[in-house]
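Student: Listed here are the chains, written in short residue letters.
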Amino acid sequence: MDFLTVIQLLDSTVRLATPLLLACLAGLFSERAGIFDIGLEGKMLAAAFFSAAVAALTGSVWIGLLAGIGASVALSLLHGLASITFRGNQLISGVAINFLAAGLTVLIAQDWFSQGGRTPSLMGGARFEPITLPFADALADVPVVGPVYAELISGHSVLVYLAFLTVPVTWWVLFRTRFGLRLRAVGENPAAVDTAGVSVIGLRYAAVVICGVLCGIAGAYLSTALQAGFVKDMSAGRGFIALAALIFAKWRPWHALYATLLFGLFGALETRQDVITAVIGIKVQGQVLGALPYVMTVIILAGFVGKAIPPRAGGEPYVKER
Amino acid sequence: MADKAPAIELKGISKAFGPVQANKDISIRVMPGTIHGIIGENGAGKSTLMSILYGFYKADKGEIFIAGNKTEIPDSQAAIAAGIGMVFQHFKLVENFTVLENIILGAEDGRLLRPSLAKARKTLLELEREYGLNVDPDAVIEEIGVGMQQRVEILKALYRRADILILDEPTGVLTPAEADQLFRILGRLREEGKTIILITHKLREIMEATDTVSVMRRGEMTATVKTSETSPAELAELMVGRKVLLRVDKTPATPGDVVLDIKGLKVVDDQGVERVKGIDLQVRAGEIVGIAGVAGNGQSELLEVLGGYADATGEVTLNGQPLDLSGRYSDGRSRRTRGIGHVPEDRQREGLIMDFSAWENTAFGYHRSDAYQSGMLLNNAAIRSDTEGKMERFDVRPPDPALPAKSFSGGNQQKIVLAREIERNPDLLLVGQPTRGVDIGAIEFIHQQIVALRDQGKAILLVSVELEEILALADRVAVMFDGHIMGERLSAETDEKELGLLMAGVEG
Amino acid sequence: MDVVPKWAEVILVPLISLMLAAILSALVILAIGEDPVAAVNLMITGALGSTYGWGYTLYYATNFLFTGLAVSVAFHAGLFNIGGEGQAMLGGLGVALACLLVPWPHWTIALLAATVAAGLFGAAWAAIPAFLQARRGSHIVITTIMFNFIAAAVLNYVLVNLMRPAGSMDPATARFPEAVHLPTLHDILGVVGIEFSKSAPANVTFLIAILACVLVWLLLWRTWLGYEIRSYGKSESAAKYAGISPFAITMIAMLISGGLAGMMAINNVMGEAERLVLNAVEGAGFIGIAVALMGRNHPFGVFLAAILFGFLYQGGAELALWTSIPRELIVVIQALIILFTGALDNMVRMPLERLFLMIRRGNA
Chain A
653 MDFLTVIQLL
663 DSTVRLATPL
673 LLACLAGLFS
683 ERAGIFDIGL
693 EGKMLAAAFF
703 SAAVAALTGS
713 VWIGLLAGIG
723 ASVALSLLHG
733 LASITFRGNQ
743 LISGVAINFL
753 AAGLTVLIAQ
763 DWFSQGGRTP
773 SLMGGARFEP
783 ITLPFADALA
793 DVPVVGPVYA
803 ELISGHSVLV
813 YLAFLTVPVT
823 WWVLFRTRFG
833 LRLRAVGENP
843 AAVDTAGVSV
853 IGLRYAAVVI
863 CGVLCGIAGA
873 YLSTALQAGF
883 VKDMSAGRGF
893 IALAALIFAK
903 WRPWHALYAT
913 LLFGLFGALE
923 TRQDVITAVI
933 GIKVQGQVLG
943 ALPYVMTVII
953 LAGFVGKAIP
963 PRAGGEPYVK
973 ER
Chain B
78 MADKAPAIEL
88 KGISKAFGPV
98 QANKDISIRV
108 MPGTIHGIIG
118 ENGAGKSTLM
128 SILYGFYKAD
138 KGEIFIAGNK
148 TEIPDSQAAI
158 AAGIGMVFQH
168 FKLVENFTVL
178 ENIILGAEDG
188 RLLRPSLAKA
198 RKTLLELERE
208 YGLNVDPDAV
218 IEEIGVGMQQ
228 RVEILKALYR
238 RADILILDEP
248 TGVLTPAEAD
258 QLFRILGRLR
268 EEGKTIILIT
278 HKLREIMEAT
288 DTVSVMRRGE
298 MTATVKTSET
308 SPAELAELMV
318 GRKVLLRVDK
328 TPATPGDVVL
338 DIKGLKVVDD
348 QGVERVKGID
358 LQVRAGEIVG
368 IAGVAGNGQS
378 ELLEVLGGYA
388 DATGEVTLNG
398 QPLDLSGRYS
408 DGRSRRTRGI
418 GHVPEDRQRE
428 GLIMDFSAWE
438 NTAFGYHRSD
448 AYQSGMLLNN
458 AAIRSDTEGK
468 MERFDVRPPD
478 PALPAKSFSG
488 GNQQKIVLAR
498 EIERNPDLLL
508 VGQPTRGVDI
518 GAIEFIHQQI
528 VALRDQGKAI
538 LLVSVELEEI
548 LALADRVAVM
558 FDGHIMGERL
568 SAETDEKELG
578 LLMAGVEG
Chain C
3 MDVVPKWAEV
13 ILVPLISLML
23 AAILSALVIL
33 AIGEDPVAAV
43 NLMITGALGS
53 TYGWGYTLYY
63 ATNFLFTGLA
73 VSVAFHAGLF
83 NIGGEGQAML
93 GGLGVALACL
103 LVPWPHWTIA
113 LLAATVAAGL
123 FGAAWAAIPA
133 FLQARRGSHI
143 VITTIMFNFI
153 AAAVLNYVLV
163 NLMRPAGSMD
173 PATARFPEAV
183 HLPTLHDILG
193 VVGIEFSKSA
203 PANVTFLIAI
213 LACVLVWLLL
223 WRTWLGYEIR
233 SYGKSESAAK
243 YAGISPFAIT
253 MIAMLISGGL
263 AGMMAINNVM
273 GEAERLVLNA
283 VEGAGFIGIA
293 VALMGRNHPF
303 GVFLAAILFG
313 FLYQGGAELA
323 LWTSIPRELI
333 VVIQALIILF
343 TGALDNMVRM
353 PLERLFLMIR
363 RGNA
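Chains as they are written, first to last, in the numbering used here: chain A, 653 to 974; chain B, 78 to 585; chain C, 3 to 366.
Just so you know, these hints were derived from the structure itself, not from any lab.
Part of the chain C face toward chain B, derived, beta carbon under 10 Å:
| hint | residue |
| --- | --- |
| 1 | R224 |
| 2 | Y229 |
| 3 | S237 |
| 4 | G245 |
| 5 | I246 |
Sample of chain A residues lacking proximity to chain B, with all beta carbon distances greater than 10 Å (derived):
| hint | residue |
| --- | --- |
| 6 | L709 |
| 7 | T710 |
| 8 | S773 |
| 9 | P782 |
| 10 | F787 |
| 11 | A790 |
| 12 | P795 |
| 13 | S809 |
| 14 | V810 |
| 15 | K884 |
| 16 | D885 |
| 17 | W906 |
| 18 | E922 |
| 19 | Q937 |
| 20 | Q939 |
| 21 | A960 |
Over 10 Å on every C-beta distance to chain C, these chain A residues come out as not near it, computed from the model:
| hint | residue |
| --- | --- |
| 22 | D793 |
| 23 | V794 |
| 24 | V796 |
| 25 | I805 |
| 26 | G807 |
| 27 | G854 |
| 28 | M886 |
| 29 | L914 |
| 30 | R924 |
| 31 | D926 |
| 32 | I934 |
| 33 | R964 |
Here the structure is a predicted model, which is why all the values come from computation and not from measurement. Heads up, the beta-carbon is just placed ideally off N, CA and C, and yes, glycines get one too.
Assemble the whole structure, with the sequences as input and the hints as a guide.
Tutor: Dropping the structure here:
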């Protein structure tokens, strides 16, 4: 296996990891605040559709992105209404949101575009184009560093850089700001936050809105950067892989990056099985790679490789008591 | 004193939850620099009143004055702003945060954490010095003891510049030594001019620590007196509204053969902490053995082991036959077939399924017994008619087997459990906190039933944190402290003082 | 004290939730420029207006009965089994193996064997998450979600690599032999002289599903095992006190749940497709969640809800055929029903509580 193949493989790893990373960090904000979210998938899907649809209609991918974020945040608020305001079952609410998105996106797509639940293909300004970083062309011929910079680091859409930037930002917000302290506290013991005179409801809504924004970007990336347009069910379980990555990362931002990169690599390898055969000498079926993130998450959950302890108040609606 | 405004003054506070009047026209004045006790039975409305003061509930009627100014307290934030700090019975701490992080939570200055933490550390150390409180700012809450956790709660209030400190049942989880330390701290706070409200149902604490005391009964404030001018007997009477029946009518016990024989019993909990540290105890037929002690000294674990739902090591025999302390024959079902009945300490979490009807609860634990089966199916009609009989004999009101357990009062719930366990005619009955949260009328009835079972020649092991109950009911008393039995006494030959010393861990 | 009387809790709350879902769905239909009344009429004619329509409605309902019961049984034990989809996939594998490996002389024996195989495979797939929950405390919702994806991968692998007939490009098993063909409602009703559509897929499995309803009801409310399952679901601490083993109940409830979900396969794989294809379950595992919630986890409620969803599925297919409303409309309705009955139930209940409190005050 030559060097270029490695670079190509890592390049597609980064591409595939980006939506996982954004959705994973989205889930991290929500679950750190004590709101379980299995609706990441649905929010991503809704955002993918609305950003592609609005981008197609307006010709501007940026307006599309905003629309995608808006759709995702709307679903987040619905989740908040059910699980924070009306103290409903957070898991069931998440399931409902996934179906709502799966159904509504196709319904609206058919109504707007009549193309069998798709949006038209996006072109030009309606799509996030790869960015060539400074000196990429000039450095391309330098051995090792050149291809790494020009092929792997340069040449992604702006959302990829944004996603990677979100990791340190998330870490900083969570562990270095007042908001982060309160957010973590509300996921562990909301009564402590409440008696300290801080609104549990306000914090939790803030968390689900942040979750919505990040899921929105993740969805927009799918339909306007990774692909050129929306197709039915295009999130294809990524929301659940992001959830798996979140558990794998034990709800920590930097580990979320590593977990999503790993799962992104599995995805990249699925299309390059020749590489696996070349490296380990055995033919590995695509299905095995596809199932690997889920299997690994189950193993982590089973506590065979370090116990994953979720935020203590996760999934429990907060009821004030004496 | 007369020229100073009271630190807190409540005027005509009323609060109802649906049909229940939790607080009825309550007025109270607490002068600054004093410790004021509020005493009353469980459910007398003490906690509701304090929750109103801390902005958790909104009073239906009434006014609050802080330092002479009328103050609205719609939420906790307003209470904090008014200089009120509260130490809840169940601490409100984030378990995996450090002491320092818990203290600044909600009172950070600035959006960034590091400067807040640095500043708080300085202030905290000053506060610790000023009030003689000792905590490590960097310790993680889940790794420190309850005594220190409580000091963190006090520091949290002081950090927020509270002038008024409310403590709700602060000694429930403390050892006697820790409780003494707490009262020393409270004394120190009083010297510094803080006002303290101490909510408790323990007369001893009121007499030892407070300057003035208010008594609450059924949502009303029945009296406010100077502590130095009252006596425990008078307070007790004010609390319950009539002379407490301290003696249960019973004849001296005639103990027979040994039914339960415990040798070297040790219990280690899930966290790996040894809770019962090798105890020996015998209970004979026809006697009631009471286990006294402050909550959390291993009594609950003892009951759980005997009831079959905690593992232990050691040797336990019932009627001479060994009892499994781990493995598949160590469960509630095997215990029941061996003739052990169990009225658990917490009837709402253990003894009953609150959503199940009374008749379903009557089968609980005995649902596999032959009498309740017909072929492969449950004989629901048999369970129902059995329940009707039990409800009549134990005077459960209302006598409706179809009502869910949660719609009965505490006393009637306890009667349902008691009827189920006693009428199985067990050789040994385990009884935990039989009258906790039970109204006075039902207490007498429950005590009589337990004595009646003894008089049929059954062995009874009673665990209660109420010393008076132990003394009234038990024939023999064993005191547990820190997982050990400190000593055994015949209840006719001992008194509260002697037992109190044993409960505090002082060798008899 | 409960403010809302039991009859209102059991009947009114789900009905209001259903109405809310219906109103919102009508608005969705309006928004995409179609006429809701015409759509409902079309759905009713298409799903209930002919024996052909009924044949499909009952066929879908049979699937949902099994998956709905599966979710309900787990719910009673306090477990949210979101893995019905994967368990039904594995059940399909069991059915395919049973039908293809043994030359059955008659469909009755084949049906018996296939039912057992489907149940065992489904139960086995639920057993691992159940064990991990009971022994290692791994959250069963997450593990069953993961197991859905793993099941899809397993099935994909088996169909592509192991069970695909030589020369076929289709990731599916060979067609089952004629001998294991299950009688359809046409065959069964024909015996008593009732005309029923010949081409609709509803078959004898529908009767088995009804039998399953009765058995689940008996199990939950008439046996000590069901009593233990319900006790454990209500209060784990009380269950321990009563000598009910959390491990045993978690395992048993999930095995029954997975078995029921797996048994769906005798309907769709053996009764309809007569071979195992990749996407045989078609989301029925998830619809089970909506059916269980709508039916308040009671077998009779599950029966009504399954018929309702069968109607929606068949009606939705008709809509997609004759109008420009895509089939996904049903997914939206399903989402709304899950939302209102399972997550926003307090939104429906709170105004009702206020109403009943007012009535009670008025009477007093």
